[in-house]
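When you line the sequence shown up against UniProt numbering, it's residues 1 to 332, in that order.
Any given hint might turn out to be false.
Below, a list of computed lysine-lysine pairs in the BS3-like style, where the Cα atoms sit at most 25 Å apart [unchecked claim]: (1) K321 with K332; (2) K226 with K272; (3) K28 with K9; (4) K43 with K9; (5) K272 with K242; (6) K189 with K177; (7) K50 with K9; (8) K76 with K63; (9) K62 with K76; (10) K236 with K226; (11) K253 with K236; (12) K50 with K76; (13) K272 with K253; (14) K321 with K171; (15) K177 with K329; (16) K63 with K29; (17) K29 with K177; (18) K171 with K272.
Quick list of the computed label-pair ranges, beta carbon to beta carbon [said to hold, decoys possible]: (19) K233 with P268: 27 to 33 Å; (20) R193 with D55: 42 to 48 Å; (21) S238 with D65: 46 to 52 Å; (22) I80 with K233: 51 to 57 Å; (23) G20 with L75: 39 to 45 Å.
The hints are simulated quantities; they were obtained by calculation from the structure and are not laboratory data.
Predicted, not measured: the structure shown is a model, and the values here were computed from it.
Think of the CB as a built atom: it goes at the ideal place given N, C-alpha and C, for glycine as much as any other residue.
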Amino acid sequence: MSGIEKLRKVELRTVAEEIGLVVNEGMKKSELRRLIEDSDVFKNDNEAVKSAVEDVLENRNKKSDQDSEIEIERLKIERIKLELQLAQVKANGNNTSFDQGCKSEPEESLDSLLKSVRTLTIKPPKCLVNFPGDSYDLHNSEVYQRELKDHQGEPVCLLAHNCEILPIINKCSSFTKLQRIIAWCMRFKQNARNPLQRTTGNITVPELSAALICLVRSVQFVYFSKDIQCIMKGEKLSNSSKLLNLSPFLDEKNVLRVGGRLQHSELPLNHKHPMLIPNNCNICDLIIDHYHVFYLHTGVEATLANLRTQFWITNGRSTVKRVLHKCLKCLK
Numbered sequence: 001m002s003g004i005e006k007l008r009k010v011e012l013r014t015v016a017e018e019i020g021l022v023v024n025e026g027m028k029k030s031e032l033r034r035l036i037e038d039s040d041v042f043k044n045d046n047e048a049v050k051s052a053v054e055d056v057l058e059n060r061n062k063k064s065d066q067d068s069e070i071e072i073e074r075l076k077i078e079r080i081k082l083e084l085q086l087a088q089v090k091a092n093g094n095n096t097s098f099d100q101g102c103k104s105e106p107e108e109s110l111d112s113l114l115k116s117v118r119t120l121t122i123k124p125p126k127c128l129v130n131f132p133g134d135s136y137d138l139h140n141s142e143v144y145q146r147e148l149k150d151h152q153g154e155p156v157c158l159l160a161h162n163c164e165i166l167p168i169i170n171k172c173s174s175f176t177k178l179q180r181i182i183a184w185c186m187r188f189k190q191n192a193r194n195p196l197q198r199t200t201g202n203i204t205v206p207e208l209s210a211a212l213i214c215l216v217r218s219v220q221f222v223y224f225s226k227d228i229q230c231i232m233k234g235e236k237l238s239n240s241s242k243l244l245n246l247s248p249f250l251d252e253k254n255v256l257r258v259g260g261r262l263q264h265s266e267l268p269l270n271h272k273h274p275m276l277i278p279n280n281c282n283i284c285d286l287i288i289d290h291y292h293v294f295y296l297h298t299g300v301e302a303t304l305a306n307l308r309t310q311f312w313i314t315n316g317r318s319t320v321k322r323v324l325h326k327c328l329k330c331l332k
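All chains, full assembly: derive it from the sequences and hints.
This is the structure we're talking about:
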């Protein structure tokens with residue numbers, strides 16, 4: 001479709017005339033639309049019709065914006081007139097009406113009115129030409145102060161949490177490549193914030209570790225958001241949670257890890273409390289494939305054991321089987 005279903009009757013007539021069709025007087029909207037769709041131009045040169053429709057829609061939007069702007073400026077001027085009249089009534093201490101002589105001149109066009117507002121050269125009404133300047137201070141008036149108070153902005157704080165997976169995770173075919181891309185992005189962010197202390201050279205091991213933490217944390221906040229909220233609030237996990245038997249906890253970097261009695265051992269942190277990874281995410285397949293290839297195409301049990309030195313994948317054994325079954329070298 002070229003967007004003609006969005007057009008009004010007058011706009012359909014304009015499009016038909018632009019593409020060279022003969023439009024009869026009194027044609028209905030449905031007839032105009034059918035005339036355009038049945039034409040050779042619509043069938044053979046759809047781009048021309050689309051261009052004409054876009055021009056018509058653009059003109060409609062421009063006209064709508066201009067009308068809205070003119071109406072807003074007109075309302076502003078009317079309000080200024082009323083406020084000035086009210087201020088003078090209060091200054092004089094009487095109920096004198098200023099209706100006489102306050103009518104705007106009919107020959108004043110909207111264009112000149114809009115220009116006056118934009119350049120702040122509004123022509124005052126005739127009844128206010130001799131408005132008392134010394135006897136009345138407009139800036140100290142109750143009306144003026146009320147307007148200032150009404151227009152004072154209040155501070156607003158918006159806290160939003162992005163619950164979408166990083167698009168780059170689904171585009172990379174290698175875990176090491178994904179990790180290095182995130183590391184470069186984090187370095188760029190750090191250099192942009194501290195231009196006087198820029199980091200150059202190759203990616204370092206601490207930067208790769210920070211990129212890994214960032215990746216894991218972003219995935220966990222998408223797939224384990226309810227469990228993380230319960231842990232932050234100090235509540236128990238729901239009975240339907242997949243992590244209920246793993247005693248999960250959040251470390252100092254807000255990474256969800258597996259708990260258990262190994263915390264009293266002298267093993268490294270990743271061995272005692274591996275990071276939790278969902279089994280239905282692309283990063284899970286990348287990690288399994290990385291460990292499988294790095295350890296020279298080991299089997300299911302060996303790959304799973306190597307994985308658990310750093311990661312804990314939910315439904316790990318079945319997930320590793322599924323990924324290893326796709327390895328062409330192992331099948332050969």
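Hint check:
no.	hint	verdict
1	K321 with K332	holds (16 Å)
2	K226 with K272	holds (24 Å)
3	K28 with K9	holds (7 Å)
4	K43 with K9	holds (21 Å)
5	K272 with K242	holds (20 Å)
6	K189 with K177	holds (19 Å)
7	K50 with K9	holds (17 Å)
8	K76 with K63	holds (20 Å)
9	K62 with K76	holds (21 Å)
10	K236 with K226	holds (11 Å)
11	K253 with K236	holds (21 Å)
12	K50 with K76	violated (39 Å)
13	K272 with K253	holds (16 Å)
14	K321 with K171	holds (23 Å)
15	K177 with K329	holds (21 Å)
16	K63 with K29	holds (21 Å)
17	K29 with K177	violated (57 Å)
18	K171 with K272	violated (32 Å)
19	K233 with P268: 27 to 33 Å	holds (30 Å)
20	R193 with D55: 42 to 48 Å	holds (45 Å)
21	S238 with D65: 46 to 52 Å	holds (51 Å)
22	I80 with K233: 51 to 57 Å	holds (53 Å)
23	G20 with L75: 39 to 45 Å	holds (43 Å)
The structure fails hints 12, 17, 18 (numbered hints given earlier, in ascending order).
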